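4 protein chains.
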Amino acid sequence: MLPTLFTALKKNRARIHEIIYEADTRAGKAFDVALLIAILASVLVIMLDSVRALQEMFHLGFVILEWVFTILFTLEYALRLWCVNRPIKYVFSFYGLVDLISVLPTWAGLFFPQAHYLLSVRVLRMLRIFRIFKLANYLTQAEVLKQALIESRRKITVFLITVITIAVIVGSLIYIIEGEENGFTSIPRGIYWSIVTLTTVGYGDIAPKTGLGQALASIVMVMGYAIIAVPTGIVTAELTQLKLKKISTQVCPSCAAEGHDTDAKFCKDCGSKL
Amino acid sequence: MLPTLFTALKKNRARIHEIIYEADTRAGKAFDVALLIAILASVLVIMLDSVRALQEMFHLGFVILEWVFTILFTLEYALRLWCVNRPIKYVFSFYGLVDLISVLPTWAGLFFPQAHYLLSVRVLRMLRIFRIFKLANYLTQAEVLKQALIESRRKITVFLITVITIAVIVGSLIYIIEGEENGFTSIPRGIYWSIVTLTTVGYGDIAPKTGLGQALASIVMVMGYAIIAVPTGIVTAELTQLKLKKISTQVCPSCAAEGHDTDAKFCKDCGSKL
Amino acid sequence: MLPTLFTALKKNRARIHEIIYEADTRAGKAFDVALLIAILASVLVIMLDSVRALQEMFHLGFVILEWVFTILFTLEYALRLWCVNRPIKYVFSFYGLVDLISVLPTWAGLFFPQAHYLLSVRVLRMLRIFRIFKLANYLTQAEVLKQALIESRRKITVFLITVITIAVIVGSLIYIIEGEENGFTSIPRGIYWSIVTLTTVGYGDIAPKTGLGQALASIVMVMGYAIIAVPTGIVTAELTQLKLKKISTQVCPSCAAEGHDTDAKFCKDCGSKL
Amino acid sequence: MLPTLFTALKKNRARIHEIIYEADTRAGKAFDVALLIAILASVLVIMLDSVRALQEMFHLGFVILEWVFTILFTLEYALRLWCVNRPIKYVFSFYGLVDLISVLPTWAGLFFPQAHYLLSVRVLRMLRIFRIFKLANYLTQAEVLKQALIESRRKITVFLITVITIAVIVGSLIYIIEGEENGFTSIPRGIYWSIVTLTTVGYGDIAPKTGLGQALASIVMVMGYAIIAVPTGIVTAELTQLKLKKISTQVCPSCAAEGHDTDAKFCKDCGSKL
Numbered sequence: 000m001l002p003t004l005f006t007a008l009k010k011n012r013a014r015i016h017e018i019i020y021e022a023d024t025r026a027g028k029a030f031d032v033a034l035l036i037a038i039l040a041s042v043l044v045i046m047l048d049s050v051r052a053l054q055e056m057f058h059l060g061f062v063i064l065e066w067v068f069t070i071l072f073t074l075e076y077a078l079r080l081w082c083v084n085r086p087i088k089y090v091f092s093f094y095g096l097v098d099l100i101s102v103l104p105t106w107a108g109l110f111f112p113q114a115h116y117l118l119s120v121r122v123l124r125m126l127r128i129f130r131i132f133k134l135a136n137y138l139t140q141a142e143v144l145k146q147a148l149i150e151s152r153r154k155i156t157v158f159l160i161t162v163i164t165i166a167v168i169v170g171s172l173i174y175i176i177e178g179e180e181n182g183f184t185s186i187p188r189g190i191y192w193s194i195v196t197l198t199t200v201g202y203g204d205i206a207p208k209t210g211l212g213q214a215l216a217s218i219v220m221v222m223g224y225a226i227i228a229v230p231t232g233i234v235t236a237e238l239t240q241l242k243l244k245k246i247s248t249q250v251c252p253s254c255a256a257e258g259h260d261t262d263a264k265f266c267k268d269c270g271s272k273l
Numbered sequence: 000m001l002p003t004l005f006t007a008l009k010k011n012r013a014r015i016h017e018i019i020y021e022a023d024t025r026a027g028k029a030f031d032v033a034l035l036i037a038i039l040a041s042v043l044v045i046m047l048d049s050v051r052a053l054q055e056m057f058h059l060g061f062v063i064l065e066w067v068f069t070i071l072f073t074l075e076y077a078l079r080l081w082c083v084n085r086p087i088k089y090v091f092s093f094y095g096l097v098d099l100i101s102v103l104p105t106w107a108g109l110f111f112p113q114a115h116y117l118l119s120v121r122v123l124r125m126l127r128i129f130r131i132f133k134l135a136n137y138l139t140q141a142e143v144l145k146q147a148l149i150e151s152r153r154k155i156t157v158f159l160i161t162v163i164t165i166a167v168i169v170g171s172l173i174y175i176i177e178g179e180e181n182g183f184t185s186i187p188r189g190i191y192w193s194i195v196t197l198t199t200v201g202y203g204d205i206a207p208k209t210g211l212g213q214a215l216a217s218i219v220m221v222m223g224y225a226i227i228a229v230p231t232g233i234v235t236a237e238l239t240q241l242k243l244k245k246i247s248t249q250v251c252p253s254c255a256a257e258g259h260d261t262d263a264k265f266c267k268d269c270g271s272k273l
Numbered sequence: 000m001l002p003t004l005f006t007a008l009k010k011n012r013a014r015i016h017e018i019i020y021e022a023d024t025r026a027g028k029a030f031d032v033a034l035l036i037a038i039l040a041s042v043l044v045i046m047l048d049s050v051r052a053l054q055e056m057f058h059l060g061f062v063i064l065e066w067v068f069t070i071l072f073t074l075e076y077a078l079r080l081w082c083v084n085r086p087i088k089y090v091f092s093f094y095g096l097v098d099l100i101s102v103l104p105t106w107a108g109l110f111f112p113q114a115h116y117l118l119s120v121r122v123l124r125m126l127r128i129f130r131i132f133k134l135a136n137y138l139t140q141a142e143v144l145k146q147a148l149i150e151s152r153r154k155i156t157v158f159l160i161t162v163i164t165i166a167v168i169v170g171s172l173i174y175i176i177e178g179e180e181n182g183f184t185s186i187p188r189g190i191y192w193s194i195v196t197l198t199t200v201g202y203g204d205i206a207p208k209t210g211l212g213q214a215l216a217s218i219v220m221v222m223g224y225a226i227i228a229v230p231t232g233i234v235t236a237e238l239t240q241l242k243l244k245k246i247s248t249q250v251c252p253s254c255a256a257e258g259h260d261t262d263a264k265f266c267k268d269c270g271s272k273l
Numbered sequence: 000m001l002p003t004l005f006t007a008l009k010k011n012r013a014r015i016h017e018i019i020y021e022a023d024t025r026a027g028k029a030f031d032v033a034l035l036i037a038i039l040a041s042v043l044v045i046m047l048d049s050v051r052a053l054q055e056m057f058h059l060g061f062v063i064l065e066w067v068f069t070i071l072f073t074l075e076y077a078l079r080l081w082c083v084n085r086p087i088k089y090v091f092s093f094y095g096l097v098d099l100i101s102v103l104p105t106w107a108g109l110f111f112p113q114a115h116y117l118l119s120v121r122v123l124r125m126l127r128i129f130r131i132f133k134l135a136n137y138l139t140q141a142e143v144l145k146q147a148l149i150e151s152r153r154k155i156t157v158f159l160i161t162v163i164t165i166a167v168i169v170g171s172l173i174y175i176i177e178g179e180e181n182g183f184t185s186i187p188r189g190i191y192w193s194i195v196t197l198t199t200v201g202y203g204d205i206a207p208k209t210g211l212g213q214a215l216a217s218i219v220m221v222m223g224y225a226i227i228a229v230p231t232g233i234v235t236a237e238l239t240q241l242k243l244k245k246i247s248t249q250v251c252p253s254c255a256a257e258g259h260d261t262d263a264k265f266c267k268d269c270g271s272k273l
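For the record, the sequence lines run as chains X, V, Z and B. Going by numbering that gives the first Met the number 0, the first residue of the first sequence is number 0, and it counts up by one from there. Going by numbering that gives the first Met the number 0, the first residue of the second sequence is number 0, and it counts up by one from there. Going by numbering that gives the first Met the number 0, the first residue of the third sequence is number 0, and it counts up by one from there. Going by numbering that gives the first Met the number 0, the first residue of the fourth sequence is number 0, and it counts up by one from there.
For the record, the hints were derived by calculation from the structure and aren't laboratory data. What you are looking at is a predicted structure, and each value in this text was computed from that prediction instead of being measured. You may find that some hints are simply not true.
Any copy will do: because identical chains look the same in the list, a pair fits if it lies in one copy or spans two.
[To be verified] For lysine to any residue, the following SDA-like pairs were computed, each having C-alpha atoms within a straight-line distance of at most 25 Å:
id : residue 1 : residue 2
1  : Lys9      : Arg85
2  : Lys28     : Arg12
3  : Lys28     : Gly60
4  : Lys145    : Gln240
5  : Lys28     : Gly178
6  : Lys10     : Thr24
7  : Lys208    : Gly182
8  : Lys28     : Thr164
9  : Lys208    : Glu180
10 : Lys10     : Gly27
11 : Lys88     : Arg12
12 : Lys208    : Phe57
13 : Lys28     : Phe158
14 : Lys10     : Ala33
15 : Lys145    : Thr156
16 : Lys28     : Arg14
17 : Lys10     : Val90
18 : Lys145    : Ile165
19 : Lys145    : Thr184
Could you put the whole structure together from the sequences, leaning on the hints where they help?
Here's what the structure looks like:
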């Protein structure tokens, strides 16, 4: 029977490629939807398996389901490798890597029991969701966000290095001021506290108890408050510019007016053709 | 007596419709103000009833008041249904649904004791407040905010899916790193913690205790710090553009094109005078 | 001696007015600086008096100092009233009211012991600081911020009502879900929790413990995360527009170019006079 | 041997200057990379030395390493002083001061045991990192951020004074409302709490317990939520303007006016060609 299956596969290589990689055809879309449900179901199984009460009741069922999904995804990975024209390129693409590390943890779990929880990375496969409906629109928006972040990468790097520098210095100061008896048992812990404070997360698991420590904390908080404005400002300025750029810089040939929309065909001030 | 009342109602159907649905006339405005006070009073009663000390003292009074408000609102709902021209449309409109679920919980409370606290949804009726004073101005502003959010819905969807994906992966990692002995009893709980951290809420009910966990938390916090910039940037860029462009709602008389600048004198698509 | 003092005061009424109300002359500036120091010192005394350890040691000294400052400020208030031309207008101005409530608590403290801590409102007098150095620049900036906030007041009202509505509904839901045994003892307390969560403050004094409660909290947090973008967007869009407006809309008379700075005297494209 | 070394140093003074101060040549870059690694390693040693468990095991090793780094950095400081043309200017420059305080704590540690933790300020030397790769680009971005902050300094000052005033008043109110039995032991502690709340950090080490206190906290939180919008708006508007205007650094040859748009062909102040 297996040889017959292989012959059938070989004959339909192009069609299989279309079903697996594209979402335009009916079959392709059905495949993507089924895949998405399988991904979500498998992530759900992993999550539920980690809940003690449920694990005690359904452990065997969860293990079986996990293996079913893993074998399905492994077969799918093999199929993808086989029907694509440039398998090496696929293997090292973002989705290729995600597909691979989505099956590895179960196999690794045979040797390291904790590893199978790493299967949660399967949720990354969920990003295929954008492929299923109005792909282009969402990808364009993701592209805009990505471009805004790339344009600002230097400003963000400068910003991050500044924040880390502040965190290290403040972390050392608080360690000296508060000391071990107030929970600041080491400089790394002080740095952890200063990041918790600067980012306005504020768990409260460690908090300054002396007056001097609370004064320092107050300064750091107000600083963090001002600092939070910077990355927001950077990304916003970038997004605003990308949005406003859409206003064409074209000048009307007859009246020299500026500020036309990019899709304008006639001058909005005198009506002559642009 | 009842038949007389019904005849009186029938005669004044148009006037009743005006009083209940409009806020332009003196009577209409008085009705809306009275309704608003009744809504706020009824929400207040529900809140106070939930406070143990007050409940023990005034429980009977609260129950009576709640039934009075419920019967009043039920009558009002019936009146609205009766005097509107297209009752089906009203029933399924936003305010129609709100009006209905504002009375249901008391009746449901006859069977499920906890249900009557759901009466707090009555506060949604408070949104009618915008109708009472300078309606138009506030609704325009609400419209601008709504439009900015609608325009950005795709970017926000992309953003939310990214955040959820990060939360699932970080939640699994922290579960493996910290384990049950430090309060991370399951992956869903780990995801809950990672959302608490990413959004910079930081309750501190669960917090990493190992060095590795705190290092991961620090990275997540700085990431959350950078990520918070993105939705702000999206909405701001949208609002700034709406402000700067002030797109006119004028439609071209010859080609029906929309989206002209407010200062445009000629259609940007066909060049004819606006 | 007192009559001589009064005569001297009467003679110099105009000069005293200048010293007290203006900061342009040498004496006026000296007076303002001395006043500022007195204000800060008096607020410091009140703060230190509230610290148990210090109070036990220096209570008498603190009381004497507080009375010295109060009598000084009362005399100053009387002088201000006497030398100004329209005392009624001063009494009901912002600074007039602040000056009055800055002395009242000590006198009220004779009857209500806790009242004298309200003297901290004296810190409001510190806002006079802007008068001392480059007044105009700072006031202009404060004006810009104020204008941006006023322009956005309708959007902010819409936003606040939305937030309060969400807080009331979420607060009732969490009260039903978590119940009294998990610290949510009443609906008002649930609302307090939902505001703590929505604003990403997250004290952690009350936190959901059931799975369902944590799921609701997660949704509220991500919502709060998205919502925080709205007021920021509103204020930023307003400030950006105020900044960009500075670009004049003047058109060059010879080449019709636009986009000149407001302080430009010549066209930046052809060099002809504007 | 030492005299020979000094002669060799004297001969190569210009070359040494180039290696130490520039990052363009191969040797200069290698020196900077080595220095960076030494800085990071020395900061790491200080951090690890503060962890009790590691200190007990490796204390002697850490002390030796610290002295090695300190002597190296002291020698480097001496070399920098010797080979630069204007040593006084270097000593009082930002990097000169950082270089000095990076070695002082170890020497001070001979007298004050805690002082050596202050060595963490060495991390400030890490800012030299920008020199190593594509210097110009990063410095330009840092310059843009700095300029945006400088331009907004007056608005930020106004904002900070407002925040501090609110914090002092709210801190006094909460002290009166909650009192010592709920953890608000003094007004300074109340101010600390109000800053923790206004900045949305929310440790939860002190939190209001009475109904009135929680109501005040809710108002402060919503206020803080609105206030956080202001610094973000300020910086963003500044960055957006800098982006949109891209003010040229060109100076007019005839009237020396600055601040022309990048596309300006004629001076906007005197009309002469740029």
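To see whether the hints hold, each was checked on the structure:
no. : hint            : in the structure
1   : Lys9 - Arg85    : within (17 Å within a copy, 62 Å between copies)
2   : Lys28 - Arg12   : within (18 Å within a copy, 54 Å between copies)
3   : Lys28 - Gly60   : neither (30 Å within a copy, 60 Å between copies)
4   : Lys145 - Gln240 : both (14 Å within a copy, 20 Å between copies)
5   : Lys28 - Gly178  : neither (61 Å within a copy, 39 Å between copies)
6   : Lys10 - Thr24   : within (19 Å within a copy, 61 Å between copies)
7   : Lys208 - Gly182 : both (9 Å within a copy, 12 Å between copies)
8   : Lys28 - Thr164  : between (49 Å within a copy, 22 Å between copies)
9   : Lys208 - Glu180 : both (10 Å within a copy, 17 Å between copies)
10  : Lys10 - Gly27   : within (18 Å within a copy, 63 Å between copies)
11  : Lys88 - Arg12   : within (18 Å within a copy, 53 Å between copies)
12  : Lys208 - Phe57  : between (47 Å within a copy, 24 Å between copies)
13  : Lys28 - Phe158  : between (43 Å within a copy, 24 Å between copies)
14  : Lys10 - Ala33   : within (24 Å within a copy, 60 Å between copies)
15  : Lys145 - Thr156 : both (16 Å within a copy, 14 Å between copies)
16  : Lys28 - Arg14   : within (13 Å within a copy, 55 Å between copies)
17  : Lys10 - Val90   : within (24 Å within a copy, 57 Å between copies)
18  : Lys145 - Ile165 : between (28 Å within a copy, 16 Å between copies)
19  : Lys145 - Thr184 : neither (40 Å within a copy, 35 Å between copies)
Consistency with the previously given hints fails for numbers 3, 5, 19, ordered from lowest to highest.
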